[in-house]
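Enquirer: Listed below are the residues making up each chain.
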Amino acid sequence: MGFRAYASRRIMNTIIILMVTVTLQFFIFRVMPGNPIAHFANPNLPLEARKTLLEMWGLDRPLHEQFLTYLYNLFSGRLGISFVSQRYVSNELLERLPNTILLMGSSTVLMIILGIHLGVSAGSRRGTKTDIASVTFGLLTQGLPVFFLGLLLLLTFAYYLPIATGGLINFPVAGTVSRPPPTDLPGYVLDMLWHLTLPMVTLVVIGFGGYTLVVRNLMIDALTQDYILTAKAKGLDTGSIVYRHALRSILPPVSTMIGLSISGIVGGAVITETIFSWHGVGRYLYEAVLQSDYPVMQGTFFLLSLVTILANLVVDFVYGLLDPRIRY
Amino acid sequence: MSRILAGFMVLMLLQVLYVGVCASGGEDSSTLPVKGPRLDEVIFVFHATPEAAVAAIRKGDIDVLSDIYRPSDVRALSEDPNINVTFSLQTHYCYVAFNTRKAQLSDEQLRKAIAHLVPRQEIANRLFEGVTVTPMLYETSPAFGEWHNPDVAVYPYDPVKSKEILSSAGYGWDGDGRLLGPDGKPLGKITFISPTQEEAPTSYEIAKLVVEEMKRLGFEAYQEAVAFDTLLTRILTERSFDIYFLCVSITDRYPRWLYDYYHSSLDVPEGENTPGVRDQDLDQLLYKFRFESETQEEARTAVWKAQAKIADLAARTPVYSRYQIEAYRRGWTGMIHHKGAGYFTTGAFWTYLNLHREGTEAGGTVKVDIGGRVRTLNPLYVTGAYEQKIVTLIYDSLLASDPETGEPVPYLAESWNIEAIDIGGAKGQRVTYKLVHNASWQDGEPFTSDDVKFSIEYLKKNKVPTFLSALERVVEVSNPDPYTVQVAMNGTSIFNLIDVGGVLLIPEHIWRNVSDWRTFQPDREPHPFKPGLTKMVGTGPFILSEEKPGEFWRLRSNPDYFGRLTGVRLRAEEPQQPSLPTQMQVVVAVAAFSALIIYLLIRRRRNLNSQRRLGV
Numbered sequence: 215m216g217f218r219a220y221a222s223r224r225i226m227n228t229i230i231i232l233m234v235t236v237t238l239q240f241f242i243f244r245v246m247p248g249n250p251i252a253h254f255a256n257p258n259l260p261l262e263a264r265k266t267l268l269e270m271w272g273l274d275r276p277l278h279e280q281f282l283t284y285l286y287n288l289f290s291g292r293l294g295i296s297f298v299s300q301r302y303v304s305n306e307l308l309e310r311l312p313n314t315i316l317l318m319g320s321s322t323v324l325m326i327i328l329g330i331h332l333g334v335s336a337g338s339r340r341g342t343k344t345d346i347a348s349v350t351f352g353l354l355t356q357g358l359p360v361f362f363l364g365l366l367l368l369l370t371f372a373y374y375l376p377i378a379t380g381g382l383i384n385f386p387v388a389g390t391v392s393r394p395p396p397t398d399l400p401g402y403v404l405d406m407l408w409h410l411t412l413p414m415v416t417l418v419v420i421g422f423g424g425y426t427l428v429v430r431n432l433m434i435d436a437l438t439q440d441y442i443l444t445a446k447a448k449g450l451d452t453g454s455i456v457y458r459h460a461l462r463s464i465l466p467p468v469s470t471m472i473g474l475s476i477s478g479i480v481g482g483a484v485i486t487e488t489i490f491s492w493h494g495v496g497r498y499l500y501e502a503v504l505q506s507d508y509p510v511m512q513g514t515f516f517l518l519s520l521v522t523i524l525a526n527l528v529v530d531f532v533y534g535l536l537d538p539r540i541r542y
Numbered sequence: 015m016s017r018i019l020a021g022f023m024v025l026m027l028l029q030v031l032y033v034g035v036c037a038s039g040g041e042d043s044s045t046l047p048v049k050g051p052r053l054d055e056v057i058f059v060f061h062a063t064p065e066a067a068v069a070a071i072r073k074g075d076i077d078v079l080s081d082i083y084r085p086s087d088v089r090a091l092s093e094d095p096n097i098n099v100t101f102s103l104q105t106h107y108c109y110v111a112f113n114t115r116k117a118q119l120s121d122e123q124l125r126k127a128i129a130h131l132v133p134r135q136e137i138a139n140r141l142f143e144g145v146t147v148t149p150m151l152y153e154t155s156p157a158f159g160e161w162h163n164p165d166v167a168v169y170p171y172d173p174v175k176s177k178e179i180l181s182s183a184g185y186g187w188d189g190d191g192r193l194l195g196p197d198g199k200p201l202g203k204i205t206f207i208s209p210t211q212e213e214a215p216t217s218y219e220i221a222k223l224v225v226e227e228m229k230r231l232g233f234e235a236y237q238e239a240v241a242f243d244t245l246l247t248r249i250l251t252e253r254s255f256d257i258y259f260l261c262v263s264i265t266d267r268y269p270r271w272l273y274d275y276y277h278s279s280l281d282v283p284e285g286e287n288t289p290g291v292r293d294q295d296l297d298q299l300l301y302k303f304r305f306e307s308e309t310q311e312e313a314r315t316a317v318w319k320a321q322a323k324i325a326d327l328a329a330r331t332p333v334y335s336r337y338q339i340e341a342y343r344r345g346w347t348g349m350i351h352h353k354g355a356g357y358f359t360t361g362a363f364w365t366y367l368n369l370h371r372e373g374t375e376a377g378g379t380v381k382v383d384i385g386g387r388v389r390t391l392n393p394l395y396v397t398g399a400y401e402q403k404i405v406t407l408i409y410d411s412l413l414a415s416d417p418e419t420g421e422p423v424p425y426l427a428e429s430w431n432i433e434a435i436d437i438g439g440a441k442g443q444r445v446t447y448k449l450v451h452n453a454s455w456q457d458g459e460p461f462t463s464d465d466v467k468f469s470i471e472y473l474k475k476n477k478v479p480t481f482l483s484a485l486e487r488v489v490e491v492s493n494p495d496p497y498t499v500q501v502a503m504n505g506t507s508i509f510n511l512i513d514v515g516g517v518l519l520i521p522e523h524i525w526r527n528v529s530d531w532r533t534f535q536p537d538r539e540p541h542p543f544k545p546g547l548t549k550m551v552g553t554g555p556f557i558l559s560e561e562k563p564g565e566f567w568r569l570r571s572n573p574d575y576f577g578r579l580t581g582v583r584l585r586a587e588e589p590q591q592p593s594l595p596t597q598m599q600v601v602v603a604v605a606a607f608s609a610l611i612i613y614l615l616i617r618r619r620r621n622l623n624s625q626r627r628l629g630v
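For the record, the sequence lines run as chains A and B. Each residue of the first sequence is one higher than the last, beginning at 215 in the numbering used here. Each residue of the second sequence is one higher than the last, beginning at 15 in the numbering used here.
One chain only, chain A, in its complex shape (with noise of 0.2 Å):
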C-alpha cells in the first residue's frame, strides 16, 4: 500500500472516530447528574423565571432536536451559545486560547528541550552523577503536585520575597497582565512576559521529567545497538553519535509523546491556570463542568477532540519522515 492510500484510509478514520466523538461528546453530558437549572436554583429567581430560561436555552425540547441544533452549531463554527454567559462559545473560546497556547505552548515547548536534553545526557552517561542527578530529580519533579508546586512558587516569589526585598523581586499573584496593563507593545509583551514566569515555570519544573526519563532509557537502547558501533568505528565524535544518529533513531516514539501534548496546549491546564488566575481555556471548561453549561463543555471538548485527532493524524505522517525504515 503506497503513501496515498495510506492516507486516505487514515483520513477516512479520522472522520469516523471525530463522528463517533461528536455525538458520545453530546450523550454523555445529558446523562451525567446535574442540571444546568439547578445553578439558578435561589428564591431570587421565581420558578416562571426559571422555566422562561429553560426555554431561553432549548432544554424543553427533544433530545433529537437538540443533538440536532448541536450539530449546526458545531459546523457553523460558533459552537452554540453558552448557558451562563449568553456568549457565542467560539468568540469565549478565542478570547482565551492566545493565553492558553502562549502558557501552554512556550512551557511545552521548554519542557520538551530540558527533557529531552537531560534525557540524552544522561542516556549517553549511563551510571554517572549526571545520570543519577537527572533521574532523581525528573522522578520527584513528576511526583510533585502541581498545586502545591504552584501555590510554593506563588506565596514565596509573589508575596514572601516581594515584601522581603522590598519589591525588588516581585512577582504577579495573578493574571495574565498587569491590572491595568502598560500601553504600550513593548511594556505589554514585557509585562505578559512577567506574568507568564511562574505559570510557565510549574508547568516545565512538573512537565519535563517524564520526557527524561523516557528519552534517557530509550537512549540507553539505542546507544547498544550495532549503528552506534559502526558510527563509533569510523571516528564520529560523541556529539554527532549521540544526537546525529541514537537521538534521530528514538524520535518516533518521543515524536508520539509530543504530539499526544499537543491536546494540552489547547485544552489547557486547570489547575495552574486557577491558582495563577490565568484566563484560559482549562479554567474555562473547569467551570463549565461545575456549572454544567452544555454548549461550553461539548465546545470545549470538541475543539479538544479535533486537535487530539488531528495531532494523532499528523504525528503518523510524519513517522515515515523520522524513520525512513517505516513503510506505508
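Don't read these hints as lab results, they were simulated from the structure. All C-beta atoms in this analysis are idealised placements derived from N, C-alpha and C, irrespective of residue type, glycine included. Heads up, a few of these hints could be off.
[To be verified] As a list, the in silico SDA-like pairs of lysine to any residue whose alpha-carbon atoms are at most 20 Å apart:
1) B:K477 with A:S392
2) B:K562 with A:S392
3) B:K477 with A:T397
4) B:K475 with A:T266
5) A:K265 with B:K475
6) B:K475 with B:K562
7) B:K467 with B:V489
8) B:K562 with A:K265
9) B:K73 with A:A378
10) A:K265 with B:K116
11) B:K475 with A:L261
12) B:K477 with A:A263
13) B:K116 with B:R292
[Said to hold, decoys possible] Just so you have them, the derived chain A footprint on chain B, three or more residues with Cβ under 8 Å:
14) 49-60
15) 143-149
16) 246-257
17) 439-449
Model the placement of chain B on the given structure of chain A, informed by the hints.
Expert: Same frame as chain A, now just chain B:
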C-alpha cells in the same frame, strides 16, 4: 467713577447669582442620602483563588477584599497592621430541610425533635473556628430589621428536649435503644443527603454531625453523600430526599422569598417549596404579605404571623448565617454600612459614592477584588453577585435603598404617588413617578420618561427572567410628560412601588436597535456616536472605561452624574482609550522571541560540535 464701581458691583453680584443658580440646578437638586462619587476610578480585579486575593491585599496590589470566608484568612488579615477587617450580619442563611411528604417526616413533632438535635454552636466552633459564621435560630435573620419577627418558636440544640418532644408525641424506644413510632413499630430509615466531602467539606461534616446526633437518640439515620449536581436534582426536581442541608444568599431586603419557599403553589417540580409544605393559613398569610398589603404595617403583620407559623411547622430549621467579612487597607475612609450586605460587596452602592483617601476630599483610584467570575455584563442577563458589583455602578433604577434601613428612597424618581384604581373590576394601583430633571445618559443624551417606559415595556415584552417577577403585575405604562411616568398594576401590594422602582433602566436610543437582547454584549460593542465609550451606557455614577475579561474592569467617575457632590473636582477628562495591542500581536511577539532563543541554542550546540570535531 462711583457709577462705574456701582455698575461693576452689580455685574459681579449678577454673576455670583447666576453661578449659584447653575450650581443648584445642575448638581444639588436631588435628595440622595449620599452624593458623589469622590473617587476618580474603581478598578475591579479578578483572583481565581483566595490565596491570591489575600496575598494581593496584604501586598498592596488591591485595596478592598470582600466575601472572606476562610477562618485562616480572617486571622491573617486581622493581624496585619495595614488592614482593617469588618464583620457584618447578612441575609445569607443555611438550613436543614425535611421532606414533609415522607411518612415519618410528615409528623411535625418528629421534625421539631430533629431540629433540637442540630448542634449549631459546635458547627460554628468546630467547622468555622468560631470566626466566620454565627449560629442561627430564625428563618428570617435580624438583618431584615423590622421584617424579622423575634417572637417565634426556636429549636436550640437540646437532646433532652428532643427526647421529651418524642415521648410526649407517643414515640418510644425498644430494649436496644431504637426509636419506635407512635404505633410501636420501628420508625424506619431516614437518610440525610449531603454533597461529597471533596466537593463541600463543611456541608458533609454538618450532615455527619446531625446524623450522629440522631443515631444517639435511636434514629435509624444514614448519611448519603452525592455529587452536588445530583443533590440539587434530587431536591428540586425529583424530591427524592428525607433531609438535606443547603445555604442560600438572599438579595432581597424584604423576606419575600418566604412566599416561594412555603406557598403550596410552589410545591411543584423545580419549585422552591422543597419540603412540600401545604398549609392553607400560611398560604393566605404569605399571599397577603406578598400581593395584598396596602400598607407597610399590614405587610409586616402578615409576614410576622407567617414567620410564627413557619417556625411552628419546622419544615426547615436554620443552622447558621455567614458574616460578610471584608478587609480594606488603611488609609481609606467614607465607607457606608449597608444593612444586610456590608461595606463593599454587592448592594453596597453608596460606599462607592463616598469612598475617598483619608486627608483628601476626593480623587484617587480604588482597586477592589471582584470576588468571582464575571460571566457577562449584559445588564438584563446578569444573575451573579459579582457582575452586579459592576452593573449597579453603571445602571440605575427609579428608587434606591436607604443603606441603614433598606427603605426605598428617591433616586431617579424624586417623588412618587400611589392611587387606587379599578382594573377590569379588580383592585389595582397606579404608581406615578416624578423623575429628576438633571439626569442624563453617560453619552450625553437626556434621561426622560420615554426611557423608563421603554425599559419597563422592553423587559416585560421580552420576558427577561431576572425581572419577570417584578413586572408580572404591570398592566400599562404611560408617560404624560418627559418627567412623569405612570404605571398601572394589578393588586394593591406595597411591593408594587418597589418592584417597578427597582427595575434597571436602559437607554432607549441604544437598546431599541438590539436584535437579540440575550446575546447582546453592550460592553463589547463600540458606542454608535460617542468615541471612547461602549454601548454599556447607564445613568450611574461610574462609566466603564476599560475591561479585559477575566482580568479587570476599570470604571471612571461620571462627571455628569445627577447626584454629584458640589464643590468636588474630579479627574473627569475624556477617556484615554489605551492603544492596547491585540492578543494575537502579543502571541506573535512571544513566539518570535521563543524562536530566537531556540535558534540561539541550536547555533550554540552546532558551534560546540564543530569545536569538538576540530578538537578545540
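Enquirer: A separate judgement is required for each hint: does it hold in the structure or not?
Expert: Going down the list of hints, with the structure as the test:
1. Distance restraint check for B:K477 and A:S392: the Cα-Cα separation of roughly 40 Å exceeds the 20 Å cut-off, and the hinted pair is therefore not satisfied.
2. A threshold of 20 Å between alpha carbons decides the hint, and for B:K562 with A:S392 the separation of about 10 Å falls inside it, so the pair holds.
3. Proximity of B:K477 to A:T397 is assessed by CA-CA distance (about 42 Å); at most 20 Å being required, the pair is judged violated.
4. Among the hinted pairs, B:K475 with A:T266 is consistent with the structure: their alpha-carbon atoms are about 13 Å apart, no more than 20 Å.
5. With a C-alpha separation of about 16 Å, the suggested pair A:K265 and B:K475 falls inside the 20 Å cut-off, and the hint holds.
6. About 32 Å separates the Cα atoms of B:K475 and B:K562, which puts this hinted pair outside 20 Å; it is violated.
7. Using a Cα cut-off of 20 Å, the hinted pair B:K467 and B:V489 holds, with the two alpha carbons roughly 12 Å apart.
8. Restraint check for B:K562 and A:K265: not satisfied, since their Cα atoms lie roughly 33 Å apart, outside the 20 Å limit.
9. With a C-alpha separation of about 11 Å, the suggested pairing of B:K73 with A:A378 holds against the 20 Å cut-off.
10. Distance check on the hinted pair: A:K265 and B:K116 sit about 27 Å apart at the alpha-carbon level, beyond 20 Å; violated.
11. This hinted pair checks out: B:K475 and A:L261 have alpha carbons roughly 18 Å apart, not beyond 20 Å.
12. Between B:K477 and A:A263 the alpha-carbon distance is near 8 Å, which keeps this suggested pair within the 20 Å criterion.
13. A distance of roughly 13 Å separates the Cα atoms of B:K116 and B:R292; the hinted pair therefore holds under the 20 Å criterion.
14. Residues of the segment 49-60 of chain B with a Cβ under 8 Å from some Cβ of chain A number 3, which satisfies the need for three, so the listed coverage holds.
15. For the segment 143-149 of chain B, the proposed coverage by chain A is not satisfied: 0 residues have a C-beta within less than 8 Å of a C-beta in that chain, short of the threshold of three.
16. Counting residues of the segment 246-257 of chain B whose beta carbon lies closer than 8 Å to any beta carbon of chain A gives 4, which reaches the threshold of three, so the coverage claim holds.
17. Counting residues of the segment 439-449 of chain B whose beta carbon lies closer than 8 Å to any beta carbon of chain A gives 0, which falls below the threshold of three, so the coverage claim is violated.
Consistency note: the structure conflicts with the earlier hints numbered 1, 3, 6, 8, 10, 15, 17.
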